[in-house]
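Chains as they are written, first to last, in numbering that gives the first Met the number 0: chain A, 0 to 253; chain C, 0 to 483; chain F, 0 to 333.
What the hints contain is simulated information worked out from the structure, not anything from laboratory work. Possibly wrong hints are sitting among the right ones.
[As the list claims (entries may be wrong)] Here are some chain F residues the structure puts well away from chain A; computed CB gaps all over 10 Å:
#1 Leu79
#2 Phe134
#3 Ile151
#4 Arg162
#5 Val171
#6 Gln249
#7 Val250
#8 Ser310
#9 Tyr318
[What the hints assert, rightly or not] Straight-line distance between alpha carbons at most 20 Å, and here's what the computed DMTMM-like set of lysine to aspartate or glutamate pairs gives:
#10 C/Lys237 - C/Asp444
#11 C/Lys101 - A/Asp176
#12 C/Lys188 - C/Glu474
#13 F/Lys247 - F/Glu257
#14 C/Lys315 - A/Asp176
#15 C/Lys22 - C/Glu224
Every value quoted in this text rests on a predicted model; they were computed, and no experiment measured them. Where a beta carbon is used, it is the ideal one built from N, C-alpha and C, also for glycine.
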Amino acid sequence: MGRLGYVPGGSLLHRLHPVCKLLLLIIYTGVVWTNARLSYGAGLFGILVISHWAAGLGFMGRSRRIISFSIMIFLVQTIFVRQGVPLWEFSLGRVTLAFWSGGLAAGAASVLRFLNTIGSSYLFIATTDPNLLAVALMQAGLPYRQGFMLITALRFVPLFQYELIQIRRAQMAKGIDLEGLRPRQLAAAVRHLLIPLVLSALGKVDSLAISMEGRAFGLHPQRTYRVQCPVSTADWLTLLLFPLLLYGLGRILG
Amino acid sequence: MEPIIRIEQLTFTYEGARRPALKEVDLAIWPGEFVLLTGPSGCGKSTLALCLNGVIPRDYPGSMEGKVLIGGRETTSFAPGELAGIVGLVQQDPDSQLCTLKVVDEVAFGPENLCLSPGEIDRRVRWALDAVGALHLWDREVYTLSGGEKQRVAIASVLAMQPQVLILDEPTANLDPRGAWEVIDVIDKLRREEQTTIIVIEHRLQRLLPLADRLLVMEDGTLGEGPPERPRAAYPAKPPASITKEPLLQVENLTVDWEGRRLLEDVSFKAHRGEIIAIMGDNGSGKTSLLMSLLGLIPPREGKITFAGEDITSLKAHVRARCMGLALQNPNHQLFARTNLEEAALPSRSLRPGGADEGEIRRLLGEFALPPERLPFTLSLGEKKRLILVSLLAYRPPLLLLDEPLVGQDDDRIGELLAILYGHAAAGGAVLLVCHEVALVSRFDRILFLEEGRLVIDAPPARAWEKLCALGRREYLEGWSWDD
Amino acid sequence: MKGFANRDLLVIAILSGIGGVMSTYIGYLGNLLNNLLGVPFGAGQFVAGLHVFWLALGAGLVGRPGAASLTGLLKGTVELLTGSTHGAAIVLVSLVQGIVLDVVLYLAGHGSFGYALGGGMAAASNVIVFQILYFSGAPWGYLLFISVLALISGVLFAGSFARGVLDLIRVVQPTRLSTRRAPRRRSLVLTSVLLVLFSAGALYYFSQVYQPPWKGPECRVEGAVDNPISFQLSRFASQETTITAELKGQVTYVAPQEYTGVPIKAVLAEARPRAGAETLRVVAADGYEVGFPLADVLLDDEMILIEEDDSLRLVAAKYAGGYWVRQVSRLVIE
Numbered sequence: 000m001g002r003l004g005y006v007p008g009g010s011l012l013h014r015l016h017p018v019c020k021l022l023l024l025i026i027y028t029g030v031v032w033t034n035a036r037l038s039y040g041a042g043l044f045g046i047l048v049i050s051h052w053a054a055g056l057g058f059m060g061r062s063r064r065i066i067s068f069s070i071m072i073f074l075v076q077t078i079f080v081r082q083g084v085p086l087w088e089f090s091l092g093r094v095t096l097a098f099w100s101g102g103l104a105a106g107a108a109s110v111l112r113f114l115n116t117i118g119s120s121y122l123f124i125a126t127t128d129p130n131l132l133a134v135a136l137m138q139a140g141l142p143y144r145q146g147f148m149l150i151t152a153l154r155f156v157p158l159f160q161y162e163l164i165q166i167r168r169a170q171m172a173k174g175i176d177l178e179g180l181r182p183r184q185l186a187a188a189v190r191h192l193l194i195p196l197v198l199s200a201l202g203k204v205d206s207l208a209i210s211m212e213g214r215a216f217g218l219h220p221q222r223t224y225r226v227q228c229p230v231s232t233a234d235w236l237t238l239l240l241f242p243l244l245l246y247g248l249g250r251i252l253g
Numbered sequence: 000m001e002p003i004i005r006i007e008q009l010t011f012t013y014e015g016a017r018r019p020a021l022k023e024v025d026l027a028i029w030p031g032e033f034v035l036l037t038g039p040s041g042c043g044k045s046t047l048a049l050c051l052n053g054v055i056p057r058d059y060p061g062s063m064e065g066k067v068l069i070g071g072r073e074t075t076s077f078a079p080g081e082l083a084g085i086v087g088l089v090q091q092d093p094d095s096q097l098c099t100l101k102v103v104d105e106v107a108f109g110p111e112n113l114c115l116s117p118g119e120i121d122r123r124v125r126w127a128l129d130a131v132g133a134l135h136l137w138d139r140e141v142y143t144l145s146g147g148e149k150q151r152v153a154i155a156s157v158l159a160m161q162p163q164v165l166i167l168d169e170p171t172a173n174l175d176p177r178g179a180w181e182v183i184d185v186i187d188k189l190r191r192e193e194q195t196t197i198i199v200i201e202h203r204l205q206r207l208l209p210l211a212d213r214l215l216v217m218e219d220g221t222l223g224e225g226p227p228e229r230p231r232a233a234y235p236a237k238p239p240a241s242i243t244k245e246p247l248l249q250v251e252n253l254t255v256d257w258e259g260r261r262l263l264e265d266v267s268f269k270a271h272r273g274e275i276i277a278i279m280g281d282n283g284s285g286k287t288s289l290l291m292s293l294l295g296l297i298p299p300r301e302g303k304i305t306f307a308g309e310d311i312t313s314l315k316a317h318v319r320a321r322c323m324g325l326a327l328q329n330p331n332h333q334l335f336a337r338t339n340l341e342e343a344a345l346p347s348r349s350l351r352p353g354g355a356d357e358g359e360i361r362r363l364l365g366e367f368a369l370p371p372e373r374l375p376f377t378l379s380l381g382e383k384k385r386l387i388l389v390s391l392l393a394y395r396p397p398l399l400l401l402d403e404p405l406v407g408q409d410d411d412r413i414g415e416l417l418a419i420l421y422g423h424a425a426a427g428g429a430v431l432l433v434c435h436e437v438a439l440v441s442r443f444d445r446i447l448f449l450e451e452g453r454l455v456i457d458a459p460p461a462r463a464w465e466k467l468c469a470l471g472r473r474e475y476l477e478g479w480s481w482d483d
Numbered sequence: 000m001k002g003f004a005n006r007d008l009l010v011i012a013i014l015s016g017i018g019g020v021m022s023t024y025i026g027y028l029g030n031l032l033n034n035l036l037g038v039p040f041g042a043g044q045f046v047a048g049l050h051v052f053w054l055a056l057g058a059g060l061v062g063r064p065g066a067a068s069l070t071g072l073l074k075g076t077v078e079l080l081t082g083s084t085h086g087a088a089i090v091l092v093s094l095v096q097g098i099v100l101d102v103v104l105y106l107a108g109h110g111s112f113g114y115a116l117g118g119g120m121a122a123a124s125n126v127i128v129f130q131i132l133y134f135s136g137a138p139w140g141y142l143l144f145i146s147v148l149a150l151i152s153g154v155l156f157a158g159s160f161a162r163g164v165l166d167l168i169r170v171v172q173p174t175r176l177s178t179r180r181a182p183r184r185r186s187l188v189l190t191s192v193l194l195v196l197f198s199a200g201a202l203y204y205f206s207q208v209y210q211p212p213w214k215g216p217e218c219r220v221e222g223a224v225d226n227p228i229s230f231q232l233s234r235f236a237s238q239e240t241t242i243t244a245e246l247k248g249q250v251t252y253v254a255p256q257e258y259t260g261v262p263i264k265a266v267l268a269e270a271r272p273r274a275g276a277e278t279l280r281v282v283a284a285d286g287y288e289v290g291f292p293l294a295d296v297l298l299d300d301e302m303i304l305i306e307e308d309d310s311l312r313l314v315a316a317k318y319a320g321g322y323w324v325r326q327v328s329r330l331v332i333e
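Throw the hints in and build the complete structure from the sequences for me.
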């Protein structure tokens, strides 16, 4: 089961303050989303690859869906963006498909943007303990009742994954197999999957509320924490230097 | 000395309910007492627990008369959460009362909410985990714990609040015998070593009764002092059925892996027409995995499964389901339809040649006291389990695979269910069922006992009990809930 | 936010948890559908509404504005942290869906109309967000097609199905529900008209007008040419030239000054006008256009395109101010 994406480790990236890393992710993603230049995208991609290496991680996992979505992005851009010079053209019956140089460039840039987005997110989640992230956010000022929702939601992820598998197995035991169904039957199967899942999940709310409120959750406007997440000089330094690095790269790659 | 808990003429009726859940309850409990509260399911035990920690009447709509006083003060005069450090409640389901990702955070959760200093929080976490013998679980992730471990962590997380009263509401109900013993040992340790007042709500009295200062018995909302009436008649014995020589099901060297874990290792056994076979073992020992693998829900790594002489190892689950009907443990994962009738007919639609036989299904529903037009999701746990059994019986698979079908059933119902299973065997079927009630499974033909995925015992009951003792697993036998 | 009771927050957390877990499964369903219909992608939009389903439940169970947005934000974060294939983009997509649903429910109320419209719009909003991020070049027809698919899916799953499940939850009562009344609807007609206008406008804007900020202005050469091209000025950078010109309009006058740009004749040389073509029409984005004799243009060194205020402008030194077209978008040869 996938559970959480966190890969424990001791690299510099692992040791950075979670909120600092979140800010870095936001800055990086912001830059990725507002720039379409192919060269800059490639440069950002380079930073990403180096960071993965520095954090001791392979470059992302689960390649199949990533590749298929990349291909989709690339095809849409190359087929529909008609800029530059047409490179080649062919007819399929009445439809003529043409590939333009600008389309290829736009396709490549969009794919890089996608890879940069998911690559940086992967780097973030792989090096950040989600529990520590929530605690750090709450210590940085997020109201704790809201902050704990993240922890609680994550707490139940493995349980829901397990329940989902059980329900699918129960369906198969009743002779219902999803593969090879007609759309109408598929819709019924989905309904039959979601309803027990929702009811079973909501059935936990009462017990959870009694358990949490019974331990003084929400009694005081503030709370204390067993573990503190201190901000180090390295955090401040990274936060300062990273935007400069991105800016410099932007200038160099024009 | 003042009683820590005093209840005067307490009557509570849930909104929309016709009858009160609690009727004119009077009770005084003294500091340091260990009180056992018992009674049939639905008698109002849990409602009483919720009255003690103030959740009723604050969070549950309904009408309340009388008074509940904690330390001389009425619960209604406490601000929400203010009772948290005074009355602690541990609930039945180990999973839904833990809200954080790691054991240490779970136990620290309460003290952190009380705004204690980090040093004090640490001290309390250490103390509470030590008190339940779970210091070694400190850094573990909650989802990797066993049921017994989760329940111990839940107790520790309440203890860390240092409550004056600790209430445990059926803390062992969802656990296997080993987990239940772990929890009972913890309760015993707390009773001996701490000053806390303890109230345990429990069906299974055998082991706790000698520890308790007092036994309270609740019935239909009214409270009396024990001892309880001597329960139940003996279960009917299985009538002799002709057991065939040729096996109906033959499993050879079955090994099953799932997500990198070995669930079953080299399991071989046979089941014949006319047989009822009980499967026993700890949670996680592979009981459920075995049933699922037989149906093909988890693909085998190695091994061969033969049904009525035919190799079915490579058939898909929805095809195999024609010859074996599986009821999973948690009925909430298996109900899909809008009415009991529809639900009971669901498997027949795809698995019975000629589709569902509505007349037969209505007859079965009647026999199991299930109204055909009711919404399945609103049934009680026992009723849901019976409904699933009906849906299997409706298409008559020769082999029934039942995971804990008797949990949540009243005694009368268990007798009826047994009669049905005996009838199925007599008609040339076979039953494999997971069950931990020694008194019950002693009536069956054979016991399969699993330990860490291996089949370590395959023998008739009397012989199986001897072997269990030899394996050092007496906890399965020590008059766990009923003696023969 | 302080309006949410602990129990509301727990319902939201629980729904976000399952929503996050289910999104992988929904992706798998989308693939099943693609295989079923024999298309590589697109049919997946049929299940887009399932992502909004959880937000609709959150809104229905909590019954106050902001619940869908909070569920969306939390569900997106859970998906991010459990390793969604879309990374941080999923937080944005999910949050936007929640906001759209909240706004519609606030305006239209928690009736079946509100859920159907809100669910549909929220499901379609993911098409727009993904279009901005990754599919900037996709044409209007394609966008419309998949938006409609997503919209239908949203109406079905987040609208009617979620309403059905909410009713079921009220009967089964797996948890004690908040007794708060859902807010009343505002004007129904006004809401639907506003929303239809808004969505049509958004779609039109993003497909026809919207130029992502990172793209330079571009221009097409079409009509009687052998090699229709679409270009940005940078492509002809090597042929850039600087001329001095004086603008004499009927009202405006700009004294002679230097302009740097690309000669039109260089652009046309690349496009190769066919024999027999006579006129060049220079068309602006706002529809304004002027015509020139083609033969003159092909000899004119002082007729250039320059970049000005993020758009293209024609500088025609030999012609009056009226011919200095701003916001040039097309050059048509006839």
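Results for each hint:
1. Leu79: The assertion about F/Leu79 is violated, with a minimum of 6 Å to chain A.
2. Phe134: violated (5 Å)
3. Ile151: Non-interface label stands for F/Ile151: nearest chain A Cβ at 13 Å, farther than 10 Å.
4. Arg162: F/Arg162 clear of chain A: closest Cβ-Cβ about 13 Å, beyond 10 Å.
5. Val171: Non-interface label on F/Val171 violated, nearest chain A Cβ at 6 Å vs cutoff 10 Å.
6. Gln249: holds (36 Å)
7. Val250: Nearest chain A Cβ is 36 Å from F/Val250, so the label holds.
8. Ser310: Non-interface label on F/Ser310 holds, nearest chain A Cβ at 16 Å vs cutoff 10 Å.
9. Tyr318: holds (28 Å)
10. C/Lys237 - C/Asp444: holds (8 Å)
11. C/Lys101 - A/Asp176: With Cα atoms ~37 Å apart, C/Lys101 and A/Asp176 exceed 20 Å; violated.
12. C/Lys188 - C/Glu474: holds (18 Å)
13. F/Lys247 - F/Glu257: Between F/Lys247 and F/Glu257 the Cα gap is close to 15 Å, so the pair holds against 20 Å.
14. C/Lys315 - A/Asp176: Holds, at about 9 Å.
15. C/Lys22 - C/Glu224: holds (15 Å)
Hints 1, 2, 5, 11 from the list above are not met by this structure, while the remaining hints are.
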